[in-house]
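Read off the chains here:
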Amino acid sequence: MTFFVRCYLSALVLVAAATIAALPLSRTEPILLLSMCALMVVTERLSRVKIGVAGWSMSVSLVVTVITVLILAPPAAALVGFVTSLAAPRSAEWSWTKQIVITGMLTLVPASGAAVCHLTGGRADGHFLSFPEFLWPFAAAVTTCLVANGLMFAAYMALSDKGRFGDVLRGTLQRGAMPYYSSAVLALIFLALWNDIGWYTAPLVVVPMYIAHWSLAQYAGEEAAHDGTVAALVQAVEIKDSYTRGHSERVARGAEMLARQLRMPHERVQMLRFAGLLHDIGKLGVPTRLLTSTGGLTEEEYKLLCMHPNHGVAVLRDIRFLTEVYDGVLYHHERLDGRGYPTGKSGDQIPEFARIIGVADAFDAMTSTRSYRAARSVEDAVAELRRGAGTQFDPALVQAFEAALELAERAGRPWVPTELPTPPQTGQAAVVADTGPWPLPKRVPGFSFADHDDPFVPAEWFSDWYPSWLADAWEGQEGEGPRGPYDWPFDGAHEPRPGGIPGPRSGEAPQDAAELESAEREPAELESVDPESAELESVDLESVDLESAASAYGADLDDGWSARMHSAVVPEPGPEPGPEADDDVFPRPAPLDVFSLDSEEPPGAGRLRLRDVSRGAAVEWAGPERGGDSRPSDGTGSDWFSRGVTGETAWTVPWPEGSSSDAAAAGSADPRGAGGQGTSGRDDATDPAEPGSPAGSEGSEGSAA
Amino acid sequence: MTHAKPAGHRAFDPDAGTQSAWAQSNPVLVVLACFIAFAAVGGGAVHGFVQPGYALTFGGIIAAGEAFRVRLPGGREAAPLGSATALAYAVVTEIGREPAMHTAAQAITVAAFGFLVGSVPHLAVRRPTTLDHTARRFLMVVVTAEVFRMFYLRWVLGKAPDDPGLAEAAVKDPQFLTKHLHSVTVGLVTAGLLTLAIVADALLGALLQAGHDRRPVPAALRDELRFTTRVGLAVVATALLVCLAARTMSIWVLPILCLPLTFTQLSLRRFALIKEVHLETIRALSRITEVAGLTQPGHARRVARTCQRIGRELGLSEAQLLDLEYASLMHDIGQLSVAEPVHGGRTAPLPLQRQRELARAGAEVIRRAGALGNAAEIVEHHPDPFGAAGPLPSRILRVANDYDDLTGATPEAAERTEALRHIRLGLAVHYDPAVVESLSRMVGE
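These protein sequence lines are chains H and X, in that order.
Last residue of the first sequence? That's 705 in my numbering, and every number before it is there in order.
Last residue of the second sequence? That's 445 in my numbering, and every number before it is there in order.
A portion of the hints provided could be inaccurate.
To be verified - Taking lysine to any residue and the SDA-like style, the derived pairs with C-alpha atoms no more than 25 Å apart in a straight line are:
(1) H:Lys162 <-> H:Leu407
(2) X:Lys172 <-> H:Ile197
(3) H:Lys98 <-> H:Ser85
(4) H:Lys98 <-> H:Leu39
(5) H:Lys98 <-> H:Ala87
(6) X:Lys172 <-> H:Asp196
Bear in mind the hints are in silico, worked out from the structure with no lab data behind them.
Keep in mind the model is a prediction, meaning the values are calculated, not measured.
Construct the entire structure; sequences and hints are all you get.
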């Protein structure tokens, strides 16, 4: 306890004692005093109802307090408050310091209210019935109580370094206003009816108050339930991956800290918290295999991974009131220098929510244990944030986040790195990486697992495929090179090639022979590895699943009903729009079927043309660094995907015959996923593309500006 | 980025739609209310209006209460402030130690104008709403005003309402109109009258609901009364308090006494807002399994809609319906946590054991989320065959789920019939006959 807190507490005690000592001067009737004391103690012990999480409390004892303020002299009101504070039930975190503060407040607040009531002339005879004259002293007294309560509490909190004076005062006033005034009205009407008609009408006042109380409780309960439910659902969803468990919750906390540091209004803080909770919800749309990938990702896989913000907004698109959350989720992997995804926005084009979540996301990714490394310390992570400030993160936000971390530490809730009790079993993981059942086309040695949100793992390591926009962005920068602050640790074989995209960019007709070769090698590898899986692939996926399932569970307590149901299932013609898609003009942001087989190709040709089917739905690339690419945007917003794989002309690769699944090419490249086990080969083609994605329109706005 | 979303995208709310307010209202009720309002205005004009200041004050608060009325999830509307003020004006007899001389026609006119002015903002922004609730409140005020003014003047004071001697007597003896107010009997009868009006309103609401979507009257009445015992009681108490306290405290008491109800209305408003956000969030999160490719697109929401319609028809209470909605939206979420999810997400053809395994996993997730009522239990038991005697919401969920698995998103008429035929084959063994009956009625429409 600091010196100032001691001084404050002693001052409280002294003033309270002096006030009570003046009791003989007020000539209060002892019987009235005693009965009020008894009433207060009884109500305080019996009827204190705590409502909600934010400390909204309303109680009959507050009503009795206001009655004492209105009918008693200041010293008497102080005495009643003093007795009440001693009799109040003690909570779990009771301490002598808190008891002194509470006693001082409960003593001095009614006394100040009663004094103001006296001074403004509220003590004439029969004053409860003289309306509206009595309203002014009444309102002054109640407001005095409210403000005095807020001031004393805020002073204590500020002196003991638990919060800023202004913030605490504002919060206390906001929370206290409604209970105080409603209780005061109850007290006033109660006294008036008692004086005028008789005691039996007075309790009638309780009914509307009780209902107001009830509706407030409903609201508070619903709000708490809402927060808790969404958090728990998100947690339940991420339960499969032990390394990112709790990640969303922590990102929400980080974003909330940052928002409070930036003094955002309460509603926006709540929205931001919500956005933090939901920012990675779209990862469910990415095959698990990619998220826990052993080794680098191919271009298609990386593209699929980059779609996760779009999947996220596909989930959230129907929630109204959430436009900012929507922005936060969609753009949280944008970078300040425009090298992020999905749209490559840069600078101020990135919405504030997205920038905040980007910082919080990266920070938590660094300070938590991942399968390929232990959790970093807070200092390391902050240093990394500082290093990325200006290129990846907003410098102002990084600075604010440091301040927020310091504040949290001072408040006794420091950010603790999330360390898993058992260290990651790198040995086993390495074995899996080496002998995995699926072909690993271009593996990055040394990094068996990598996470998409970890700044310690730059995109260059994460994927050995070079994102085309990165190449574009770096084309103009001499000297700096594509590696940024990182040193490329690998040998020449894995040296990234700027512009190493399989297939020509539009306008550049000649094709890099090496690239074409590498592109053609992959599927050939696939084919040679597991012909059986390719065989399975050619059969209708659905019927395979059902058949195998039916045979596996053929004989159990079900009396053949499942077989009947199975035969009755109408075959699915393909991805079908939901019934609400017709009248839904809300743009659907996520084209999930990125590539599909070109049906115009003769089936016997044995060649697959990867085609952009998301025409008009994909995200438009509109970064300002894009001056090098002179191809005019066709306005359909499809060039994000067709940058490397232009629609009509090129990149035809050999492919097993008869593949009919509309799963993404990357998905079907995994024989394990296509096989009967069906563990990881999720069908990504569930959400049909629809023209006019919000990202696309946003992008075109950006380019217009 | 702002998205102007059409009102029609909320396809789940059975009452909301793109239709205008007129199209959704019960014509008989609205016409009746309009007729009474015109008659009252005419009658009031003949007799003349008295004490316009008080009338304006009451009318203003009625209009404000109406303008900020709350639309609760489930289609119910709450406007306790407007109702209480209108009722109080109907039964008030003395304001500031002066008799309140207004007739029943004047009370009805004030209420009518208050409700009308308060509804203008809602109609102006074309909020998807119905006029039924406003008409109900208005009729409640009409009945109360007519009966009370008749009862009080004729039987308590012994004068007919249009007796010219009444005004003279009131002028002669200032206490003439209110000297009986202190009598406990008169107070009790007034309270009883107000309570009766509220209950009649609930009954009317239940009948309307039953007519609207074949809801059984007892179930609808139970829900209405449950709501009435809360908010309706506060309305009655406030009206009585205004009537009693206005005697000494004059018109000032009106805004003060309206404060608790204002708080109630504001709390309910925030409650409704957060409830709606919550429901929309759950609906959106039900899309997780779709994005992950583990259910058909739109499956959860179609099942939820079917469940709601069947559940309403079978007389589930509002709390049960809400639980059922959560359960039906989340019933496939277990797919995310089992090791081998069902690709494509059609659980109907699966063997019972596997269905149960998925359902248990889903129930576990929902239970961990908490605060979703009995949804976990409903999900856990929904694969149970009819013989296993799961709870009714589970049986509904099972039928709705299997039907949707059989038909898909946009079934043809033949497909629907075929699916229904298959469901009928499992009648009474796997499916609850009552639920299937309700489903086939729904399909038949």
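Hints, verified against the model:
| no. | hint | in the structure |
| --- | --- | --- |
| 1 | H:Lys162 <-> H:Leu407 | 9 Å, holds |
| 2 | X:Lys172 <-> H:Ile197 | 24 Å, holds |
| 3 | H:Lys98 <-> H:Ser85 | 11 Å, holds |
| 4 | H:Lys98 <-> H:Leu39 | 24 Å, holds |
| 5 | H:Lys98 <-> H:Ala87 | 14 Å, holds |
| 6 | X:Lys172 <-> H:Asp196 | 24 Å, holds |
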